[in-house]
Amino acid sequence: MIECPTCKNREFVGTLFCSECGTRLVMATQVPTMGISRDKLSEEAKATRPTMSGTPDLSTGALLGLKVVTSGELLSLVGRDNYTLGRSIEGQAVIPDVDLDKYEAYDAGISRMHAELRIAEDGVYVVDLESSNGTLVNGKRLAAQEPEPINHGDILQLGRLRLQIIAQARG
Amino acid sequence: MPPEKDYYTLLGVPRNATPEQLRRAYREAAQRLHPDKNVALGETELFLEIGQAYETLIDPASRETYDAQLSEFEAELSAESPFHVNVLHSRSALLRIDEPQVHYTLLEIRPAQDLPEIRPAVNLGIVIDRSTSMRGARMDQVRSAVLAILRDLQPTDSASVVAFDDRAEVIVSHDQARDVSTARARLSLLQAGGGTEIAQGLTLGLDELHRSYVKEGVNHLVLLTDGRTYGDEELCLELADQASNAGISINGVGIGSEWSDRLLDDLAARTGGNVIFLNTPKAVTDLLNRIYDDLAQIVAAQMRVDGGFSQYVDLRTAFRLVPEPMPLGDSLPMSLGNLPKDGFIRLLLELVIHPLLGLEEVTIANLNVSGTLLGKAAGDRQLPVPIKMDLTDDLDGKPPPEPISQALNLLSLYKLQEKARHEAELGQVAQAARRLESLATQLLAAGEKDLAKAALNEAVQLTHARRLSMEGEKTLKYGTRALLLSPPSEL
Numbered sequence: 011m012i013e014c015p016t017c018k019n020r021e022f023v024g025t026l027f028c029s030e031c032g033t034r035l036v037m038a039t040q041v042p043t044m045g046i047s048r049d050k051l052s053e054e055a056k057a058t059r060p061t062m063s064g065t066p067d068l069s070t071g072a073l074l075g076l077k078v079v080t081s082g083e084l085l086s087l088v089g090r091d092n093y094t095l096g097r098s099i100e101g102q103a104v105i106p107d108v109d110l111d112k113y114e115a116y117d118a119g120i121s122r123m124h125a126e127l128r129i130a131e132d133g134v135y136v137v138d139l140e141s142s143n144g145t146l147v148n149g150k151r152l153a154a155q156e157p158e159p160i161n162h163g164d165i166l167q168l169g170r171l172r173l174q175i176i177a178q179a180r181g
Numbered sequence: 072m073p074p075e076k077d078y079y080t081l082l083g084v085p086r087n088a089t090p091e092q093l094r095r096a097y098r099e100a101a102q103r104l105h106p107d108k109n110v111a112l113g114e115t116e117l118f119l120e121i122g123q124a125y126e127t128l129i130d131p132a133s134r135e136t137y138d139a140q141l142s143e144f145e146a147e148l149s150a151e152s153p154f155h156v157n158v159l160h161s162r163s164a165l166l167r168i169d170e171p172q173v174h175y176t177l178l179e180i181r182p183a184q185d186l187p188e189i190r191p192a193v194n195l196g197i198v199i200d201r202s203t204s205m206r207g208a209r210m211d212q213v214r215s216a217v218l219a220i221l222r223d224l225q226p227t228d229s230a231s232v233v234a235f236d237d238r239a240e241v242i243v244s245h246d247q248a249r250d251v252s253t254a255r256a257r258l259s260l261l262q263a264g265g266g267t268e269i270a271q272g273l274t275l276g277l278d279e280l281h282r283s284y285v286k287e288g289v290n291h292l293v294l295l296t297d298g299r300t301y302g303d304e305e306l307c308l309e310l311a312d313q314a315s316n317a318g319i320s321i322n323g324v325g326i327g328s329e330w331s332d333r334l335l336d337d338l339a340a341r342t343g344g345n346v347i348f349l350n351t352p353k354a355v356t357d358l359l360n361r362i363y364d365d366l367a368q369i370v371a372a373q374m375r376v377d378g379g380f381s382q383y384v385d386l387r388t389a390f391r392l393v394p395e396p397m398p399l400g401d402s403l404p405m406s407l408g409n410l411p412k413d414g415f416i417r418l419l420l421e422l423v424i425h426p427l428l429g430l431e432e433v434t435i436a437n438l439n440v441s442g443t444l445l446g447k448a449a450g451d452r453q454l455p456v457p458i459k460m461d462l463t464d465d466l467d468g469k470p471p472p473e474p475i476s477q478a479l480n481l482l483s484l485y486k487l488q489e490k491a492r493h494e495a496e497l498g499q500v501a502q503a504a505r506r507l508e509s510l511a512t513q514l515l516a517a518g519e520k521d522l523a524k525a526a527l528n529e530a531v532q533l534t535h536a537r538r539l540s541m542e543g544e545k546t547l548k549y550g551t552r553a554l555l556l557s558p559p560s561e562l
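Chains as they are written, first to last, in our numbering: chain A, 11 to 181; chain B, 72 to 562.
So that you can see chain A by itself, here it is in the shape it has in the complex (with noise of 0.2 Å):
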């Protein structure tokens, strides 16, 4: 089943239009929701698997980007080497790189610095920065301060945000 983003309808996996409200699904379409088993969100992110060739959205030099699986909205990653992802708070010291604030990141129970993303030589690595409600990869929860390398496709879970990991081809 999927589930409509805007008023959490639950339809059958290649439906385009919200029965329920008319929202369009296609967004919804890549990220079935079959209840939080790790096999099935793993299966998940197999299932959904952008193609290389299907992410032009991200902005030019970006090689790295996150989506937001509810909304669909794509976060272009430019110019570093890693990343820190969090929310910030006003009168914040240190601002996380990347600012999950708008995505209701406190109701979602995100972590002020959550997790980290670095690009290394051999691949992408994500870190729990020790965050409250924990870091998934494709279901599977992170030991925090352990680098994981994770993949194009695959579904980053902060709390209980879910984005999903776009990388573009080097070169």
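Hint data in this document are derived by calculation from the structure and do not stem from the laboratory. Possibly wrong hints are sitting among the right ones.
[To be verified] Each computed EDC-like pair below joins lysine to aspartate or glutamate, with the alpha-carbon atoms no more than 20 Å apart:
#1 A:K18 / B:E508
#2 B:K490 / A:E21
#3 B:K490 / A:E30
These figures come from a predicted structure and were not determined experimentally.
Model the placement of chain B on the given structure of chain A, informed by the hints.
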């Protein structure tokens, strides 16, 4: 003897299926459809049919006989078919997953390029509601519209006019229609008064059409009404089925807001016709002229789709998009109406596909498009349309083709309207009002200001009167349906 069913499609296996594949398909059907389980209506019959298919194909000798019959039958059908069908899918492949999935298929039916130029003879029957409510401007407009048609009647064509209230009367018979002054005099006798019994009018109107029936031409009935018929709905639908079987299509024209749109829709759909809503009688002249002109452009009448779906597939809904948008229900066969010379018929199928595991490809349907070719080469023709899909573990992420997403987008508005109306009738007023508001937002986004306003008005009306207005119901229904008339994108 032609085989009754395509057993391969029914089982959902390729033509060269191995015994192992046959056994697997049969096992899956058994698990889903076995009568020991609680199954939906008709599923036991389906299961028995699948059993028959399996028995036939698993035995090498009977399979050989069956294959020979099937290929002979299909070769006969596709040879020189005057029809051409394009098939478009929402996705290039089905997902190999352990849950049901939705798949959309668009069929476009065109006449073959090399068909001879013809102008078919048109046999037109006009059936007019003359109940009391038609009195005044409505009747005047209808009278002059009909007279205009009779005046311009081509020598090859014929027409007749029947009027009804609680009984029916031939106003202008097909012999009198040739003589304009007689027709004019007879039409001036047409006065409004009495009730509305549509079945009376249909019966006599169809009788008149049969008197001047043209075998190689178009036989068509236009029903003009502004009222609701009581108690004879069943009979009306029976008459529509009879008309359809006799090769007569029916157009419904509803004037004002009091007529029964559901009955007219059902009646017209059974014959492949359509329904037009006129909120003012002024447009009736243009409308009749257009119907008459369109009828002269037809190459084949009584287009139909039958055949069968694989056991893995349920047809959820079917909708004709072109030439006239019309819901077609959820079962085969479907009447599609007339095929225009320079145009096409497009229909969109919404299919639910049950879990498909361990298969490489599947024939989801083996449809059969048929119709009656008009003119010299007149006769019934067919074209088999097998629909095969590959299976994959990975989506390619490609968006659905534009004609499909465009049509579904507009259809989703139509369906929202249907849902809101259904809820309003169940008394779920708040829910229906919310839905209408969301419909209004989407209509506004689509640039349909008037319809959006109508939807908002109905939302307000609902909260006050706890029901929709009859006019609003029809404005929204036929308004959202007419959105599909916007020029369709090329396949």
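For each hint, the structure was consulted:
Under the criterion of a C-alpha separation no larger than 20 Å, the hint pairing A:K18 with B:E508 is consistent with the structure, at around 18 Å. Taking the CA atoms of B:K490 and A:E21, the gap is about 16 Å. The hint holds against a cut of 20 Å. With a C-alpha separation of about 8 Å, the suggested pairing of B:K490 with A:E30 holds against the 20 Å cut-off.
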